[in-house]
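A.B. asks: Assemble the complex: chain D is given as a structure, and chains G and R must be docked to it using the hints.
Residue-level listing of the chains:
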Amino acid sequence: MDRREFIKVCSVMAAAGLLYGCRKIPFVGKASSDESLSRAIPALKDFEDEVEKAMARGGKNLDLVKVPMPSILNASDADLQNRFGMAIDLDACNGCGKCIMACIVENNIPLVTEEEREKDRFMHWIKMRGDAPFMCAHCGDAPCEKVCPTGAANHTPDGLSAMMYKRCAGSRFCGANCPEKARKFNYNDAEELGLLRKFNAEVPVRGKGVMEKCSMCLQRLQNDRLRFKAEHPFNEWRGRNVKTACAEACPRNAIIFGNWLDPESPLVKAAKHRELFAPRSIAKFDPSVVYMRGRR
Amino acid sequence: MFRALFCIGLALLVPGLVAMGVSLCGGPVEWFTDTQTFWGVPISLFVFWIGLAHAGTLISAAFLVLNVKMDRRTALLAEMSTLCSLAVAVCMPLMHLGVIANFYMVAPFWDARGNISNVRSPLVWDFCCIAVYGVLSLLFFVSHFCMNPLKDDLPTVAVARAWIKKVRRPMAWILFPLVLWVHSVVSLDFASTFVPEWQGAFFPLYFIAGAIFSGLALVNFLLTFENYRVRVLEKLTLVCSWFMCAFWVWNFIINGNFCVSAFVFAGVLPQLLFVEWVRENRYACVSLWLSILLGMLLERVYLVSPTMETFGWIDLGLVAFGAGMFLVTFYGLRRLLQKGIEDDELLMGDVDTVGEALDSEFEAASRKYFLPLSTPEYRILRLPVLCGILVAILFSIWTFNANDQVNIELRLVNVFPLFGPIIALVAALILTSRALWTVSRKSVRWVVVSLLVAFAGACGAFYAGGSSVPEKASAETSSQLLDNVSVVNVVWDSRCATCHGIDGKFNKKFVREFYPVPQTLSLDRLDSIGEDSLVQVILQGRVNMNSYEGRISEGMARNLVMYMRILAERDSARASSAGEDEE
Amino acid sequence: MKYFAVTVLGAIFAFLLADFMLAQPSSPQSTSLQASLSDAGGNATAIAFKHALHGDSIGLDCAHCHTGAKTAAHAYMPSKSDCIDCHRLPLTENPGIETLDSALSVAPSEPWVKKSMLPDHVQFHHGVHTVAGVSCDECHGNYKSDSYGGEKFDMRTCLACHRGETDASRNFKRAATYCAACHR
Chain D
1 MDRREFIKVC SVMAAAGLLY GCRKIPFVGK ASSDESLSRA IPALKDFEDE VEKAMARGGK
61 NLDLVKVPMP SILNASDADL QNRFGMAIDL DACNGCGKCI MACIVENNIP LVTEEEREKD
121 RFMHWIKMRG DAPFMCAHCG DAPCEKVCPT GAANHTPDGL SAMMYKRCAG SRFCGANCPE
181 KARKFNYNDA EELGLLRKFN AEVPVRGKGV MEKCSMCLQR LQNDRLRFKA EHPFNEWRGR
241 NVKTACAEAC PRNAIIFGNW LDPESPLVKA AKHRELFAPR SIAKFDPSVV YMRGRR
Chain G
1 MFRALFCIGL ALLVPGLVAM GVSLCGGPVE WFTDTQTFWG VPISLFVFWI GLAHAGTLIS
61 AAFLVLNVKM DRRTALLAEM STLCSLAVAV CMPLMHLGVI ANFYMVAPFW DARGNISNVR
121 SPLVWDFCCI AVYGVLSLLF FVSHFCMNPL KDDLPTVAVA RAWIKKVRRP MAWILFPLVL
181 WVHSVVSLDF ASTFVPEWQG AFFPLYFIAG AIFSGLALVN FLLTFENYRV RVLEKLTLVC
241 SWFMCAFWVW NFIINGNFCV SAFVFAGVLP QLLFVEWVRE NRYACVSLWL SILLGMLLER
301 VYLVSPTMET FGWIDLGLVA FGAGMFLVTF YGLRRLLQKG IEDDELLMGD VDTVGEALDS
361 EFEAASRKYF LPLSTPEYRI LRLPVLCGIL VAILFSIWTF NANDQVNIEL RLVNVFPLFG
421 PIIALVAALI LTSRALWTVS RKSVRWVVVS LLVAFAGACG AFYAGGSSVP EKASAETSSQ
481 LLDNVSVVNV VWDSRCATCH GIDGKFNKKF VREFYPVPQT LSLDRLDSIG EDSLVQVILQ
541 GRVNMNSYEG RISEGMARNL VMYMRILAER DSARASSAGE DEE
Chain R
1 MKYFAVTVLG AIFAFLLADF MLAQPSSPQS TSLQASLSDA GGNATAIAFK HALHGDSIGL
61 DCAHCHTGAK TAAHAYMPSK SDCIDCHRLP LTENPGIETL DSALSVAPSE PWVKKSMLPD
121 HVQFHHGVHT VAGVSCDECH GNYKSDSYGG EKFDMRTCLA CHRGETDASR NFKRAATYCA
181 ACHR
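Residue numbers (the numbering used here), protein chains in the order written: chain D, 1 to 296; chain G, 1 to 583; chain R, 1 to 184.
Isolated chain D, as found in the complex:
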């Protein structure tokens, strides 16, 4: 074989290789739609099993330091009436993990494949870290938002660190920059792999290649806000009817959701006389989700 021929053969092989690699990409030939009809939907039991496995793996204990009570967000567009947040009562929490399951059901969190499970890449927004649930702390001065190139990670005036999935390009810079690694990356198309069960029609399914994390049940806040504004156009909405799924599910009332700026809020009432803590690495970023322990 002379050189010319060799080059030809190589080029053909290269092109074939690319085609082979891309065979699943839409324009080369998408999986037929019949497949989607027979797509498996996992049972509730599968999710429970996975939560158990995730809890058995455990995580590093939280390294807590004292923080002051969260106050008005330090942003130019901050809402002076609302700043939503949670407090997790470490004296009450016994680490049962019911919150994880509630979160899964509320937010349509998919299962992960076997390989991902081994790499500890669960999609659960809440992780048990030494008998205390840990989720995104919705930092007021969030490091993840600052590095997101597209602006998909951004804050709301009322203190949530929100995530706009459609704007996400999946650079994972936010994930790299979160000191506590609260963000989860959709490595797989869970719907296609039959790992997704759409429990809640209110929450859109996140596609492959998108970052996600605890949204503090944004959908509940949105729904309540819109309903309230339609019914009471002249009143100020304080989000008093809302509770996050984890707070609702906690049998010992250890997770308390509320509005840090509303003295009527159960959160402020509960946290007023307690000592507040946050993980050391994010304490300086003004987290909205804090831990409380002991009496002041």
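In case anyone wonders, no lab produced these hints; they're calculated from the structure.
Treat the hints loosely; a few may be bogus.
Here are the simulated lysine-lysine pairs, PhoX-like style, with alpha carbons at most 20 Å apart [claimed, not checked]:
#1 R:K50 - G:K509
#2 D:K53 - D:K98
#3 R:K2 - G:K442
Partner residues are not named here, just some residues of chain G that face chain D (Cβ under 8 Å, in silico) [to be verified]:
#4 F109
#5 W110
#6 S117
#7 L410
#8 S522
No residue lacks a Cβ here, since even glycine has one placed at the ideal position from N, Cα and C.
C.D. replies: Same frame as chain D, but now just chains G and R:
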């Protein structure tokens, strides 16, 4: 020889393209990603290749600025390697993205919705810096071929060629800081995060040193195949290796991180250059340069994902893709430009400094010592750079406004990294574009024009933004709402008010014309009928009234009866107050 | 100079063309397809709904049939029984009414097909907008002439209003423009 290298490149490209295809379709799950940082091999490869991409132009520009004589062939090869490795480098972060189709959202350009990328993010800086760096490297590279006068030039073309020759050194003045700037920005991707391994002010320096080191190794590697040796470059490589060793030791002391394989391959082995036999032996040299490249690659991988232990198949494939694509594009391009590199006497023996410029005045000028602000380069650069600064200021004003719209608070620090590339781009375009245009052939012009138009079209498409495709098609009917609505007046207004009127009297416009007037719902009447039978009327219907059973629950019907009373009371109150007014 | 002009004009043209092509609202469709009564098989019949006949002229507003239009998130379409509430008696002398009545009698219980164009990740609440003083025709401009699909429901239009960039005479308040106000 070159053909053999080209074939090796092709052979590497085959598995490389397979790996590329698999990872394009499978996404980040296919290759190794660090659990802590979510980043993986493509990012290491990106850093590696962008490092290589910096060396060529840097060497050529820096030598030009410092008046170090280097022959044109070396400069050309170095700059060509820059362009090729840049092409490889650009593929890597694209592939790294989870949603590749959204890559354009990283560009600091707004769309009709007012969305703009987050200029605070180092990735946006990266995007701009690399794009500008690519354009300027291309201009610098192209200027090699446009500066030598040909016999049958028109006078205007000859003037343009002379101009290009004259501005090469000012261009180098722009490129030299730009290269350092770009790589500092790339290093900020890492240094500005909260990952402990990446933090530290020394990081940009460390990155630049690494980039120059690996780039020099690559240029040396390529030169060895040209049967060529440039002693300055070899010496520089050695010096860089010491720098790198110092950095590694420093990093070990500070952070406790140490990559042994990188130290051996890129730190220890290059010291063999002190042995004369190694220096003189081509094969030994080639393997030395390769070992440096390998060491730096391992070091970059270690840097980006410290938890990585072994390469998977796809990871190796991506490495092969990089190497293969580089070799193929480099030697393909070299073959295309062979005339310029080998046959053309003018290019071959030429020395790439302006010292030998035709312009004798200029030559004399370059020999003299000048205060920095009175050098001829400064005079040429003054206006374009000022224009660049102006554009940068305008850009920052615009960005500040645009970001204000999306509630992102910018500070000057956030926009500052973009100043370098903007100033460089504007200045370089002002300097060269006109002359290059005059020099270029008709076909080239049309290609440039159509590329620009296509680019503008792409910008327009980006500006418009795709329309969002509705994900559900639902045919929702009111009955669904009535099950949930807690507010009785909604039900009244939608179901009863057609005939009975919103105010509880009747809807004159509808009823008079088409229907018999319904019973007035006065207080007396409501009381006399009683709640239970009214509920029955609502649910079962009566004469001209439809049955609402199934559409309205019994509870809701009771609420409706209460609402009727409220309306009737309001009505009678209004009537009595109207009566009082009359009195 | 020639090239320069070609480049600049071509670039501007390409930009605008691409913007125009992509941001183009879908063209209005005739009533017979979109809002006509469907028969039992779900196929559209020839009888088109006329908003003009069902509106102010008989003293009704949108919320009479589109129940949620003023209070809820969705406006909703009326069901067949909602139509029959009024159409149980022949409502005009027009002989066509018989065709209508016979069509109604065989129509499925949910005779109006309206696809919700709102993607999953967008929240739009009709009620909030009505309360804020936005009337139906601000967005559904052509509903009275019964041509549909020409409305421009895109984020650009939403945001122009939310940022207070629309006609000042309409006196709309500036509304929330942070992403999570409408997206999830």
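A.B. asks: Now tell me if each hint is right for this structure.
C.D. replies: Hint check:
no., hint, in the structure
1, R:K50 - G:K509, "17 Å, holds"
2, D:K53 - D:K98, "14 Å, holds"
3, R:K2 - G:K442, "12 Å, holds"
4, F109, "12 Å, violated"
5, W110, "11 Å, violated"
6, S117, "6 Å, holds"
7, L410, "11 Å, violated"
8, S522, "29 Å, violated"
Consistency note: the structure conflicts with the earlier hints numbered 4, 5, 7 and 8.
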